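Number of protein chains: 2
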Amino acid sequence: MKPIHLLTILFLFAACTKPSVGRSDGHPSLLMTKAGVESIRAELGNVPLFDATLANVKAEVDAEIELGIDTPIPKDFSGGYTHERHKRNFVILQKAGALYQILDDETYAVFVRDMLFQYEAIYKDLPLHPQKRSYARGKLFWQCLNDANWLLYVSLAYDAIYEWLSVDERKQLEANLFRPFADFLSVENPQFFNRVHNHSTWGNAAVGMIGLVMRDDELVNRALYGLEDDGLVAGARDDDGGLIKVEGQEVGFLANLEEPFSPDGYYTEGPYYQRYAMFPFLIFGQSLNNVRPELGILEYKDGVLMKGVGTLLNLADADGDFFPLNDAQKGMSYYTSSLVSAVNIAYHMDGNDPTLLSIAEKQGQVTLDDAGLAVAAGLRDGKAKPFVKRSVSLSDGRDGTEGGVAVLRHGNESLTLVFKYTAQGLSHGHYDKLSFSLYEHGDEVLQDYGMVRFVNIEQKGGGNYLPENTSWAKQTIAHNTLTQNGTSHFEGKYEIGSQHHSVLSFFAASSPDVQVVSAIEANAYPGTEMRRTMAMIKFREFQKPIVLDLFKVSSDRPHRYDLPFWYMGQIIDANFEYESPTELAALGSQNGYQHLYVEGSGQASSVSPQFQWMNKNRFYTLTSATRTDDELFFARLGANDPDFNLRRDAALILRRQNVSDTVFANIVEPHGSYSPVSELSDNPNSSVSELKVVFDDSRYTAVSMKDRQGRSYLFVVANKDVASDRTHSLKLDDQVLTWTGPYYLIDRSGD
Amino acid sequence: MKPIHLLTILFLFAACTKPSVGRSDGHPSLLMTKAGVESIRAELGNVPLFDATLANVKAEVDAEIELGIDTPIPKDFSGGYTHERHKRNFVILQKAGALYQILDDETYAVFVRDMLFQYEAIYKDLPLHPQKRSYARGKLFWQCLNDANWLLYVSLAYDAIYEWLSVDERKQLEANLFRPFADFLSVENPQFFNRVHNHSTWGNAAVGMIGLVMRDDELVNRALYGLEDDGLVAGARDDDGGLIKVEGQEVGFLANLEEPFSPDGYYTEGPYYQRYAMFPFLIFGQSLNNVRPELGILEYKDGVLMKGVGTLLNLADADGDFFPLNDAQKGMSYYTSSLVSAVNIAYHMDGNDPTLLSIAEKQGQVTLDDAGLAVAAGLRDGKAKPFVKRSVSLSDGRDGTEGGVAVLRHGNESLTLVFKYTAQGLSHGHYDKLSFSLYEHGDEVLQDYGMVRFVNIEQKGGGNYLPENTSWAKQTIAHNTLTQNGTSHFEGKYEIGSQHHSVLSFFAASSPDVQVVSAIEANAYPGTEMRRTMAMIKFREFQKPIVLDLFKVSSDRPHRYDLPFWYMGQIIDANFEYESPTELAALGSQNGYQHLYVEGSGQASSVSPQFQWMNKNRFYTLTSATRTDDELFFARLGANDPDFNLRRDAALILRRQNVSDTVFANIVEPHGSYSPVSELSDNPNSSVSELKVVFDDSRYTAVSMKDRQGRSYLFVVANKDVASDRTHSLKLDDQVLTWTGPYYLIDRSGD
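Which chain is which? The protein sequence lines are A and B, in order. All residue numbers for the first sequence refer to the numbering used here, where the first residue is 6 and numbers rise by one. All residue numbers for the second sequence refer to the numbering used here, where the first residue is 6 and numbers rise by one.
Do not take every clue at face value.
Chain copies aren't distinguished; within one or between two, either way the pair holds.
Quick list of in silico lysine-lysine cross-link-like pairs, DSSO-like style, CA-CA up to 27 Å [what the hints assert, rightly or not]:
#: 1; residue 1: K621; residue 2: K92
#: 2; residue 1: K390; residue 2: K250
#: 3; residue 1: K394; residue 2: K129
#: 4; residue 1: K335; residue 2: K621
#: 5; residue 1: K498; residue 2: K711
#: 6; residue 1: K498; residue 2: K394
#: 7; residue 1: K306; residue 2: K39
#: 8; residue 1: K367; residue 2: K621
#: 9; residue 1: K63; residue 2: K736
#: 10; residue 1: K498; residue 2: K306
#: 11; residue 1: K725; residue 2: K388
#: 12; residue 1: K367; residue 2: K697
#: 13; residue 1: K335; residue 2: K250
#: 14; residue 1: K367; residue 2: K394
#: 15; residue 1: K390; residue 2: K621
#: 16; residue 1: K498; residue 2: K543
#: 17; residue 1: K137; residue 2: K367
#: 18; residue 1: K736; residue 2: K335
No lab work stands behind these hints: they were computed from the structure. Predicted model only: the values in this text are computed from it and were never measured.
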């Protein structure tokens, strides 16, 4: 059976079981409908956030009209003039189209038409873009991806003025601009169009959107199901090293929706690319729902399109910044325009969830279409409810069986732990199985580096990925997880990494004061099983919750292990002896180690070593259960970085040599604060006095912790039989402990 | 004539020429008066900010009363329990006293009395504090300074409950606590009490305040005029290296007001210590004004007390953070409680300046006394006007003749330049003649390091000055100014530095788009004259104002010069060749150079070298006019820092060797911005294409600048005859330039 048939069957099934919105007649028909435009016009002046957005957009477009139309001959990389001009053009075209519909003012229709005809005049003769970096060079831009952005936005503009144009004008535009543009992005660039990849999603959606406007079913079907015969060779790669052709893999928009999203709505590349990929999914999804309701796109895969929006919002810190899993530029947040669209569409298309309104309110703008009107009216009518982010475990993989990511949150996001046990994440994946990052409110405490790229900053390598993204950011040592023998997981090889995924052992977050997640990685280092259990615990006697981190390793032979903690901020104190060199040399020569300077190194003392730092006027202490021959390194990023592409971030690295089976136990303890205005410290010292691994075998791992008031706690985690109703029994210090569930935490102070 | 007489005469004169508030009878009489308390009680519930502050303070004090009184035996450094407890005690005592007066609730009087008697019970038997670091050890605290803090605050508490106490209670407290306390801080510690130093100001004010409450003229006079016979030896030093005894120097509170404040209200140690020193000045000042109006303290030295408040507010960045000149912890701002007092007192005592109300509004609290009521009532009545910080030149030195500091501001503090040409600044001074720092809005662009101290963070050396404050922060290379032959100004010696000061050449800031300041330093390096001219220029064609920096050196023999730019942020680009070492070594072995790693070094190319960085999503470019044999170093702080006391900040250092007379010309150009949310760069490239020194002699220095649009500008500064009405003439490129005033800026594009 060919893949296309399976999808078709699924759709017919979905379309039969759920009601769908009636097919839209005439134009506009995508994000705006005739009925929607009527409502918008009727409500104008009465919906504050819509009215405010409209005023801003009108001012912006009017300024561009004033400036005049420029469609320069393409020449530059991103950040350069021609790139930024064409990018701005498609954004303004879409906005001008919306203004024409909303304000019924021909000025905007004329502007859209005139610019489209300027493109029409040059398009057919345009050669490939002169910059040759991409595996799929565009015409207006250096890569097809940006050309697809153009076509998707411009489809909306064309939809807006479609009925205003004469039949001849439409024919001319379609014959000389839109149809060749769609063909260029698809049949002429199958390596771009016929993949499961966010690039292809854009390509598919762009071709499908213009097809919907043109009522060209052939284009729409091409978008939905891909090219039947693409002539591609299995194993070909793009310039990020990603696989282009996988034999037997379904392609097209539906496959792109099926494949990278888990049933929980997690996008396998991570939230940074999810927010980018969501946009074409949602735009084309809403448009399909309007024009081709019989497809039942919103019900597809148990409603994954809408579910993805909520998932993405949950993959943000307290400030709305997305967790930088895999390749991700920090600072990207749910304030980005694609999330304005996503939130608006999700609200409008999926049951008017009032918690989405509180996000829209923070965003401070809406889309100028049917969805935006619904949101602005909901806000006006006082329907908003808080969007509360909770602890979640999100599966990865098409069927939700390829590991996942867990987010543990305490209080009102006062502490947030992100724990990654996903699959590889396609070409943007990092080699960081079982890594984690930690946030206090919106501030990083222990960071994930993110990517080495300055998007659209042309001075930095044309705004593209920099060499250090591969030599540093993707490597295991760049993350808060374990490196064996100085080599990255899966040898840092995509072919190997993409065959495997970690496995969730258990996720137990129903009690807010004791939340535990545990996951296993058995393939990163052949012959070695790694299991990490992370518990966010709020002891009554402690000011803030702590994170207990148990990293258990079982191997068939001895190895050397490095476990870094990429702390943010200034070193305040360390209770162990260390040497500080006067000259700095790199810690190693490859796999990321060549980028690390050693600023200090010491031997673990017999007591639990403690390391304290301060960030954003808050104190943190790391308490480790070490062996006396463990080494500790103060590492600083920046070696072998001739172009200064790396930040000078720092880590404390725990090193243990020559062990087969071992447990790294650590407590990350946020405590106290400091005010440079009052110059007072509050709770500046750790409350932990000791951490010890007291038991470890294949069934259980147990640690004891003492606090400075003399209280003693025991935490046991089951390494097998982790069902929540399973009863366990363990004899420890002549005492038999019995409990139910995968972990056990007791206060032994009374013993 | 003894100094005391001169001061007395001055006072009598002042008292005769200006009216003063009538003498307060009875108690309270310091910051609260009987009449004031009546007004407060009458207005309660009617003055929102006062009411809100009252509610907060009441909650705070009630919680402390609930907790119970603890006056532990002194033991700890700052940050430790006994230190923080006694500190908290005096703050709470003062607040409880105020609550008693305002609320007429004996609970608070009882609490104050009980705690005072707990202190009374132990005080006479208390030995010196066990920590021996200070040159003047206290009893409750490790240094007399903190004991003086205690007595000053407690004077206010005692004043508040004075009339409520029985005569016997007063006698007992005065005999066993207050009088011995005051004697301890003065006659028993003359090295603390009898200096011109912020420590002594606190000591003087504390002794004076308790004297005012006790109506003990002997104590008040001791405070005002110092100890007549202190038995101190000239040349003795404190533990910061500051001079204790200067032969013939006047001492006491009045001398402390006379000596370190310039007629412009600039405090010679810098704003960080000014905000600390201002507090006792103003508290004791207002109290003297109430109890001893005949002294005319507010009119003293042309009203310098009140003038100092406005000056201090002007020495803050757009966020209210004080410029960290000399020893200063960053983050200290006008939100600190001493500035709440200062602003309230200045408003109340000095003509109800409505612009102070806008600062008070930002502070969000008032003092619970007469001044605070006046401010809260002013705000309630809508009298607040914006406090607009302007460009200022502030003289340093008792008579305003010892150099100074200039602040150039453009727009609404969009760009702020701080240029330092002061005297040494007593023991807290740094060796950084002609240094500068630059801010865009409230963010540092080119920084002054500040001090190496973590105030009240006990883990970091007891919260005291760390060794790197001397080895790094005070050194010249730590600042944005010129180092000759790798040695700091005045050899880094306080004895030499404190004999000299820089000299303002001219300050011309009347035109907002061209503001120029120029100053000379002739003593930092014997045989060498340094002149720095800094111009903040807004060219119409540029997006933002730039800073043109001309550093001219004239010496009797050749030297090596290093000029660092301590930029904040991430390197984006450099248009010159450089080598990047794989191992890092220090740039030198002393005078701060031992703390600098060299991350890269290059040779200036023939074109104007440009260096671009990004901070807080804004771009900056440094364009230099170099000689081809100039070297450029990328330096990173952190070498020889075994305790990790230093931040890993970075500098670009320009090095020029073997020159006698030379000019370093540089342009610091803020431009553009970047959004990680939209991922768009705005104006990411420098607009400057070339900078050249085209003329330099003893009379004039001229530079030409070209921009990328081909425009050409010429800037000439006069090195002599800088009067604003002076006409100059210079022949350049066969063209005779004629102008009036100390500088000349022309657009030569039309030439």
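Structure-based check of each hint:
1. K621 x K92: Intra 37 Å, inter 24 Å, cutoff 27 Å: inter-copy only.
2. K390 x K250: neither (45 Å within a copy, 67 Å between copies)
3. K394 x K129: neither (49 Å within a copy, 58 Å between copies)
4. K335 x K621: both (17 Å within a copy, 12 Å between copies)
5. K498 x K711: Neither way: K498 and K711 sit 42 Å apart in one copy and 50 Å across, limit 27 Å.
6. K498 x K394: Neither: 35 Å inside a chain and 58 Å across chains, both beyond 27 Å.
7. K306 x K39: neither (29 Å within a copy, 77 Å between copies)
8. K367 x K621: both (24 Å within a copy, 22 Å between copies)
9. K63 x K736: neither (73 Å within a copy, 54 Å between copies)
10. K498 x K306: neither (31 Å within a copy, 76 Å between copies)
11. K725 x K388: neither (47 Å within a copy, 71 Å between copies)
12. K367 x K697: For K367 and K697, neither the intra-copy (45 Å) nor the inter-copy (49 Å) Cα distance is at most 27 Å.
13. K335 x K250: neither (30 Å within a copy, 56 Å between copies)
14. K367 x K394: within (15 Å within a copy, 32 Å between copies)
15. K390 x K621: Neither, since 30 Å and 32 Å both go past 27 Å.
16. K498 x K543: neither (39 Å within a copy, 53 Å between copies)
17. K137 x K367: neither (41 Å within a copy, 55 Å between copies)
18. K736 x K335: This pair counts as neither: shortest intra-copy Cα distance 47 Å, inter-copy 54 Å.
Checked against the numbered hints listed earlier, the structure breaks hints 2, 3, 5, 6, 7, 9, 10, 11, 12, 13, 15, 16, 17 and 18; every other hint is satisfied.
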